[in-house]
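Chains as they are written, first to last, in the working numbering: chain A, 1 to 357; chain B, 1 to 254.
Bear in mind the hints are in silico, worked out from the structure with no lab data behind them. Model, not experiment: these values are computed from the prediction. Just so it is clear, CB atoms sit at the ideal spot from N, CA and C, and this is done for glycine as well. You may find that some hints are simply not true.
[Stated by the list, open to error] Partial chain B-side listing against chain A, Cβ under 10 Å, derived:
#, residue
1, Glu13
2, Arg14
3, Phe36
4, Gly85
5, Val91
6, Gln94
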Amino acid sequence: MRLSGTFRTTDAARAWDELHAAFAGAGPGELALDLSGVERIDGGVIALIVAARDELAALGVNARIVSTPEHVRPLFELYGGLEEASVRAPRPALGPIEAIGDVAVRWAAATRVAVIFLAEVASAFVSLLRRPRSAHLKEVPWLVQRAGFDALPIVSLISFLVGFVMGYQSARQLERFGANVYVADLVGISITRELAPLMTAIIVAGRSGAAFAAEISTMKVSDEVDALRVMGLRPIAWLVVPRLLALVLVLPILVLVSDVIGIAGGLVVAVMSLDVSASAYLLETRRGLVPWDVGQGLVKSVPFGLAIALIACQQGFAASGGAESVGRRTTTTVVTCLFALVLLDAAFTFTFRMLGL
Amino acid sequence: MNAAPQEAPPERERVLDVRGLTIGWGDRVLHHDLTFHVDRGEVFAILGRSGSGKSTLLRFLIGLERPIAGDVDIAGQGPVDLTTGLPPFGVMFQAGALFGSMTVGENVELPLAEWTDLPPKAAAAIARTKLALVGLEGAFETLPSELSGGMVRRAALARALALDPELLFLDEPSAGLDPITAKEIDDLIRTLNESLGLTCIVVTHELESIFAIADRCIVLDDRGGGIVAEGDPRALRESTDPRVREFFTRGGRG
Numbered sequence: 001m002r003l004s005g006t007f008r009t010t011d012a013a014r015a016w017d018e019l020h021a022a023f024a025g026a027g028p029g030e031l032a033l034d035l036s037g038v039e040r041i042d043g044g045v046i047a048l049i050v051a052a053r054d055e056l057a058a059l060g061v062n063a064r065i066v067s068t069p070e071h072v073r074p075l076f077e078l079y080g081g082l083e084e085a086s087v088r089a090p091r092p093a094l095g096p097i098e099a100i101g102d103v104a105v106r107w108a109a110a111t112r113v114a115v116i117f118l119a120e121v122a123s124a125f126v127s128l129l130r131r132p133r134s135a136h137l138k139e140v141p142w143l144v145q146r147a148g149f150d151a152l153p154i155v156s157l158i159s160f161l162v163g164f165v166m167g168y169q170s171a172r173q174l175e176r177f178g179a180n181v182y183v184a185d186l187v188g189i190s191i192t193r194e195l196a197p198l199m200t201a202i203i204v205a206g207r208s209g210a211a212f213a214a215e216i217s218t219m220k221v222s223d224e225v226d227a228l229r230v231m232g233l234r235p236i237a238w239l240v241v242p243r244l245l246a247l248v249l250v251l252p253i254l255v256l257v258s259d260v261i262g263i264a265g266g267l268v269v270a271v272m273s274l275d276v277s278a279s280a281y282l283l284e285t286r287r288g289l290v291p292w293d294v295g296q297g298l299v300k301s302v303p304f305g306l307a308i309a310l311i312a313c314q315q316g317f318a319a320s321g322g323a324e325s326v327g328r329r330t331t332t333t334v335v336t337c338l339f340a341l342v343l344l345d346a347a348f349t350f351t352f353r354m355l356g357l
Numbered sequence: 001m002n003a004a005p006q007e008a009p010p011e012r013e014r015v016l017d018v019r020g021l022t023i024g025w026g027d028r029v030l031h032h033d034l035t036f037h038v039d040r041g042e043v044f045a046i047l048g049r050s051g052s053g054k055s056t057l058l059r060f061l062i063g064l065e066r067p068i069a070g071d072v073d074i075a076g077q078g079p080v081d082l083t084t085g086l087p088p089f090g091v092m093f094q095a096g097a098l099f100g101s102m103t104v105g106e107n108v109e110l111p112l113a114e115w116t117d118l119p120p121k122a123a124a125a126i127a128r129t130k131l132a133l134v135g136l137e138g139a140f141e142t143l144p145s146e147l148s149g150g151m152v153r154r155a156a157l158a159r160a161l162a163l164d165p166e167l168l169f170l171d172e173p174s175a176g177l178d179p180i181t182a183k184e185i186d187d188l189i190r191t192l193n194e195s196l197g198l199t200c201i202v203v204t205h206e207l208e209s210i211f212a213i214a215d216r217c218i219v220l221d222d223r224g225g226g227i228v229a230e231g232d233p234r235a236l237r238e239s240t241d242p243r244v245r246e247f248f249t250r251g252g253r254g
């Protein structure tokens, strides 16, 4: 086989296809790739020729590259074209059982890392009692502003819409029984007990959880965490404690805001399409809601905040390598947070019911 | 500028004493049984080709990693434990590792704010002095992302010097800089060493720097063979060991 003319990577795709068409169904044998007619050739094409030769070797064809002109010889040498063809054995794929084992081993390792992390956070809190300065508490107000105050518009908007949609969906059913005013109970109870804490926590996980994970993993990747350590500071106390405190402070407040605005959303529906007056709606809300309805939402929001901060920071500290790792840790944070929040919410609802609350 | 080559007299105080140090993780041993020491006032270089584990060795020396075996004794205080308080040294990381969310000035102030009871104004005054020392007078309010490569190294050096340590670790202080800036950083290190009596432990592969600043050095083998040579770099140039001679004549560029 003789190649002649000028070869460039930019138009090598056609040559690559043609080469493969020519090789198709080749059996064991000999093949000489004669390059004596080559005028100009660039590195990419040489790499392709070398790769084609190695592919042929895997098929049992002893392909040799011959008559390389002097002016392309150095390039060929650089790309390994003058060496013997090498047959690379493909890496064996994992079988299903090995794959399960692999996943199990990785899960076990991840669990171990998470437990160690929790222990370190706990010890950071203990050392905080002895030396309050070690935790960089100066950062808390700024974090509260970012995680809490800055989240108010989106929390308000979503809470309003959730209350509104809840009211609207139930309007038709309630109208049939002439029980229009009970929309207040329906919206009030579902917002305060479930929707406000869960929606707020999901928003905070998406905003602040992702931000914490990205910040800390970037610091980890750029040696900033190590820089803290060699200053004798404890990165866990320095970075995790303020974030944890900020979220635990902020979530109950956001949930309260969400309660009020969600109920307002229901009120708008009641007034607009259920012929319920605003005062009747509010009266019914006051009659139908007990303090514990609001209380249980607030109680839940504390572990929600804890979970988001811990997951985000743990993922941040688990980063290693480069930018790719930062992205992966951020994604994992949001997914894990959503999973953890729904699980925690179910556990709390179940526990409160069992305790008869 | 180069000090005359001289063997350290044995009675000099050891700032760093490494005995039988084995570094690596789990079953993967990187270097086995390393033993060397650094005397007070020296500029000591840890040399080796890329991948010889010299930056990794530094991580073990400063206590960021736990050795498999052996001891690192710094300033006679025993093994480093970073969790118990302020370590008796400063570190300048390879890429600077300045805190991106703080200004250069705040970066330098941070160790002062954490480990002293100085009022903020006094801490700022010290930080400004340290920045002036490294030639960054005007950069107090600048964010690290706005600095050039050479300025990042200077700022990192100022932060490492914030609490006036007697021992300074530097990871590749002049790598990746243009020759003029690299020389400025080398001169700065030499000046700090001579004027403050600062002991410097420098990880590097830049031949220029080695001859310009190092009093003594060790050369690490790039295949896990431990220390292949120890002594004055100018003397090691004449070494009979081909691995050492190759490093000093070809600049460690493999």
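Can B:Gln94 be said to touch chain A, with a Cβ gap under 10 Å? This interface hint holds because 7 Å falls under the 10 Å limit.
Would the hint on B:Arg14 be counted as holding, given a Cβ-Cβ threshold of 10 Å to chain A? violated, 21 Å
Grab the minimum C-beta distance from B:Val91 to chain A and call the hint holds if it beats 10 Å, violated otherwise. holds, 4 Å
Interface hint outcome for B:Glu13 [beta carbon to chain A under 10 Å]: Violated, because the Cβ-Cβ distance from B:Glu13 to chain A comes to roughly 22 Å (cut-off 10 Å).
Restraint: B:Phe36 near chain A, CB-CB cut 10 Å. Satisfied or not? Status violated, d = 21 Å.
Return the status of the interface hint for B:Gly85: holds when the least beta-carbon distance to chain A is below 10 Å, violated otherwise. With Cβ-Cβ at 5 Å, under 10 Å, it holds.
Hints 1, 2, 3 from the earlier list are contradicted by this structure; the remaining hints agree with it.
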